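All chains, full assembly: derive it from the sequences and hints.
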Amino acid sequence: MSEGPVDPTTTDAWKALTELRAGFEPDLRSWFADDPGRASRFTFEAADLHVDLSKDLITDDLLASLLALAEQVGLESRRDAMLAGEHINVTEDRAVLHTALRLPADASLEVDGTDVVPAVHETLAKMYAFADRVRSGEWKGVTGERIHTVVNIGIGGSDLGPVMAYEALEPFRHPEIECRFISNIDPTDAGQKLKGLDPATTLFVVSSKTFSTLETLTNARLARAWLLDALGDDVDSAEAVKKHFVAVSTALDKVAAFGIDPENAFGFWDWVGGRYSVDSAIGTSLAIAIGPEGFAEFLGGFHAIDEHFAKTPLAQNVPALMGLLNVWYVNFLDAQTHAVLPYSQLLHRFPAYLQQLTMESNGKSVRWDGTAVTTDTGEVFWGEPGTNGQHAFYQLIHQGTRVIPADFIAFANPAYPLVDASDGQSVDVHELLLANFFAQTQALAFGKTAEQVRAEGTAEDIVNARVFSGNRPTTSIMAPSLTPGVLGQLIALYEHITFTQGVVWGIDSFDQWGVELGKQLAVQISPAVSGDADTAKRQDTSTQSLIAYYREKRK
Numbered sequence: 000m001s002e003g004p005v006d007p008t009t010t011d012a013w014k015a016l017t018e019l020r021a022g023f024e025p026d027l028r029s030w031f032a033d034d035p036g037r038a039s040r041f042t043f044e045a046a047d048l049h050v051d052l053s054k055d056l057i058t059d060d061l062l063a064s065l066l067a068l069a070e071q072v073g074l075e076s077r078r079d080a081m082l083a084g085e086h087i088n089v090t091e092d093r094a095v096l097h098t099a100l101r102l103p104a105d106a107s108l109e110v111d112g113t114d115v116v117p118a119v120h121e122t123l124a125k126m127y128a129f130a131d132r133v134r135s136g137e138w139k140g141v142t143g144e145r146i147h148t149v150v151n152i153g154i155g156g157s158d159l160g161p162v163m164a165y166e167a168l169e170p171f172r173h174p175e176i177e178c179r180f181i182s183n184i185d186p187t188d189a190g191q192k193l194k195g196l197d198p199a200t201t202l203f204v205v206s207s208k209t210f211s212t213l214e215t216l217t218n219a220r221l222a223r224a225w226l227l228d229a230l231g232d233d234v235d236s237a238e239a240v241k242k243h244f245v246a247v248s249t250a251l252d253k254v255a256a257f258g259i260d261p262e263n264a265f266g267f268w269d270w271v272g273g274r275y276s277v278d279s280a281i282g283t284s285l286a287i288a289i290g291p292e293g294f295a296e297f298l299g300g301f302h303a304i305d306e307h308f309a310k311t312p313l314a315q316n317v318p319a320l321m322g323l324l325n326v327w328y329v330n331f332l333d334a335q336t337h338a339v340l341p342y343s344q345l346l347h348r349f350p351a352y353l354q355q356l357t358m359e360s361n362g363k364s365v366r367w368d369g370t371a372v373t374t375d376t377g378e379v380f381w382g383e384p385g386t387n388g389q390h391a392f393y394q395l396i397h398q399g400t401r402v403i404p405a406d407f408i409a410f411a412n413p414a415y416p417l418v419d420a421s422d423g424q425s426v427d428v429h430e431l432l433l434a435n436f437f438a439q440t441q442a443l444a445f446g447k448t449a450e451q452v453r454a455e456g457t458a459e460d461i462v463n464a465r466v467f468s469g470n471r472p473t474t475s476i477m478a479p480s481l482t483p484g485v486l487g488q489l490i491a492l493y494e495h496i497t498f499t500q501g502v503v504w505g506i507d508s509f510d511q512w513g514v515e516l517g518k519q520l521a522v523q524i525s526p527a528v529s530g531d532a533d534t535a536k537r538q539d540t541s542t543q544s545l546i547a548y549y550r551e552k553r554k
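Reading the sequence shown from the start, the letters are residues 0 to 554 in numbering that gives the first Met the number 0.
The reader is advised that the hints may include incorrect statements.
Unchecked claim - If you anchor each label on the Cβ, the simulated ranges turn out as follows:
(1) G136 - G3: 53 to 61 Å
(2) T217 - G136: 30 to 38 Å
(3) L520 - G195: 31 to 39 Å
(4) D60 - P174: 51 to 59 Å
(5) T373 - D92: 19 to 27 Å
(6) L332 - S364: 19 to 27 Å
(7) H390 - E450: 22 to 30 Å
(8) A391 - P416: 20 to 28 Å
(9) A391 - G3: 39 to 47 Å
(10) D368 - E144: 55 to 63 Å
Said to hold, decoys possible - List of simulated lysine to any residue pairs, SDA-like, C-alpha gap at most 20 Å:
(11) K241 - P186
(12) K14 - V372
(13) K554 - T209
(14) K518 - Q538
(15) K518 - T209
(16) K139 - P186
(17) K14 - T58
(18) K241 - G266
(19) K554 - P186
(20) K554 - S525
Simulated from the structure, these hints should not be mistaken for lab results.
If you're wondering where the values come from, they're calculated on a predicted model, not measured in any experiment.
Every residue gets a Cβ at the ideal spot worked out from N, C-alpha and C, and that includes glycine.
See below:
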């Protein structure tokens, strides 16, 4: 798609939204009291996800204007172009086809004249065969022992997705194989993750498409040195690397130069962005952990939401609606952040995963044609699991001065159905958790009036401190259980929410040039850190001073 984006601020829908905002006084108490059908009208199903938008700051008129905005900026045509493999990543001249990674084997999708589906499933078959060999014990290390620890070495999308999913799907993991994840170039990360491991039973998965990412290759070299040093002189070092290292990369020459057998390299394509890659070969460590059947179910969850996004009318299209609501909050209600609050300890890394997905995608100030944006874009995503967050930052969400939309996520069935049987009681602990889940969205929506506070006998001088204004927007997302399929659905949901917002703002959500400058400068500054005086002199005075402090204090 070569044509430029529609400026949303010039549309009739934007003007209508501006007029609605001018007289907007949310009153969720009255909206629910006066409209018994509100909850059912604003609750939607998407595959296994049950999504309640009724406690969001939305009215029928607002929804109509948001849907009109989607039509007027061409959301559906842009979506269809993405799914068809058009090069909508214009700054890199690439297709955007993470959705192709989860197409069924009997599907067909031509990209630049080639059907990509057979190659996707060929790679999956190779991954699955390898995962089965590791899981069964057929794959053995150089000393003949089976693998008990898989260490994924990657950063960004090559780390955040696999580690998040590995944590989330703990109940589905192989009982005799542990995965660890090294990402940070801080040597503490590698030092801690390698601590206590048996090199004879450890396998490393080095995940870097180009096999040149500074952090990943540095950590891979550290891991290789650790392995060879720990195994000692009794083993052939070249054979040890081949038995204990595999790669997720398409740079087979660099893989071979490192010492990895290119036959043990799993590739992916330039139409897969890093933050959209957990369902590609980047998920090799996850496939080992949960097995090919679990990984296939994971992919099926993604595909179910892809189908919903592709085929459901926008008025019932959950990711489109949530993305449009986020536009309303950012551009009209001045929201600057968005909280994601999973009432599931297993999803404790999900907010961190969404930080990259959303903020690397939509943290842009130019549109896809290179012109300046005409609106604010993006929001800061953050969060922690409930109920931990309730005892930390919920104060700001309940009684602070900023609008903070919050997504609450919960499951009907727990991974660990424990019962508190003390004091002669029998209390389902998961129900205690869900009581908090339901209570928090209720409190945020409806608040507590001064009259209610006074009725509790509260002293007048502290009444105001105990008032909750309410009208704090929340979305509730529920599913029967946290399974591989449901996790795939949740990830795809937020992928398409992010896409929807990007289309409205007219930005390319699939490049990430903002991460490049700092990396380039780090390479240039590195000699100064090591003591090169000439390089140090070329830096600004602040950087010179900081480097000098480091060199003085480094032991």
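Structure-based check of each hint:
A C-beta distance of roughly 57 Å is found between G136 and G3, which places it inside the suggested range of 53 to 61 Å. Against the hinted window of 30 to 38 Å, the Cβ-Cβ separation of T217 and G136 comes to about 31 Å, which satisfies the hint. In this structure, L520 and G195 meet the distance hint of 31 to 39 Å, their C-beta atoms being roughly 36 Å apart. Restraint check, D60 to P174: a C-beta distance of roughly 55 Å satisfies the suggested window 51 to 59 Å.
Checking the proposed 19 to 27 Å range against T373 and D92 shows it holds: the Cβ atoms sit about 24 Å from each other. At about 21 Å, the beta-carbon gap between L332 and S364 stays in the expected band of 19 to 27 Å. At about 28 Å, the beta-carbon gap between H390 and E450 stays in the expected band of 22 to 30 Å. Between A391 and P416 the Cβ separation comes to about 26 Å, which falls inside the hinted range of 20 to 28 Å.
At about 44 Å, the beta-carbon gap between A391 and G3 stays in the expected band of 39 to 47 Å. Our hint of 55 to 63 Å for D368 and E144 holds, since their Cβ atoms are close to 57 Å apart. Among the hinted pairs, K241 with P186 is inconsistent with the structure: their alpha-carbon atoms are about 24 Å apart, more than 20 Å. The hinted pair formed by K14 and V372 meets the criterion: a straight-line CA distance of about 17 Å does not exceed 20 Å.
With a C-alpha separation of about 35 Å, the suggested pair K554 and T209 falls outside the 20 Å cut-off, and the hint is violated. Only pairs whose Cα atoms come within 20 Å are accepted, and K518 paired with Q538 is accepted, the gap being roughly 16 Å. Under the criterion of a C-alpha separation no larger than 20 Å, the hint pairing K518 with T209 is consistent with the structure, at around 15 Å. Proposed proximity of K139 and P186 is contradicted: the alpha carbons are some 28 Å apart, above 20 Å.
The straight-line distance between the Cα atoms of K14 and T58 is roughly 17 Å, inside the 20 Å bound, and the hint therefore holds. Of the pairs offered as hints, the one joining K241 and G266 holds, with about 17 Å between alpha carbons and a cut-off of 20 Å not exceeded. Using a Cα cut-off of 20 Å, the hinted pair K554 and P186 holds, with the two alpha carbons roughly 16 Å apart. Straight-line distance between C-alpha atoms of K554 and S525 comes to about 18 Å, which keeps the hinted pair within the 20 Å bound.
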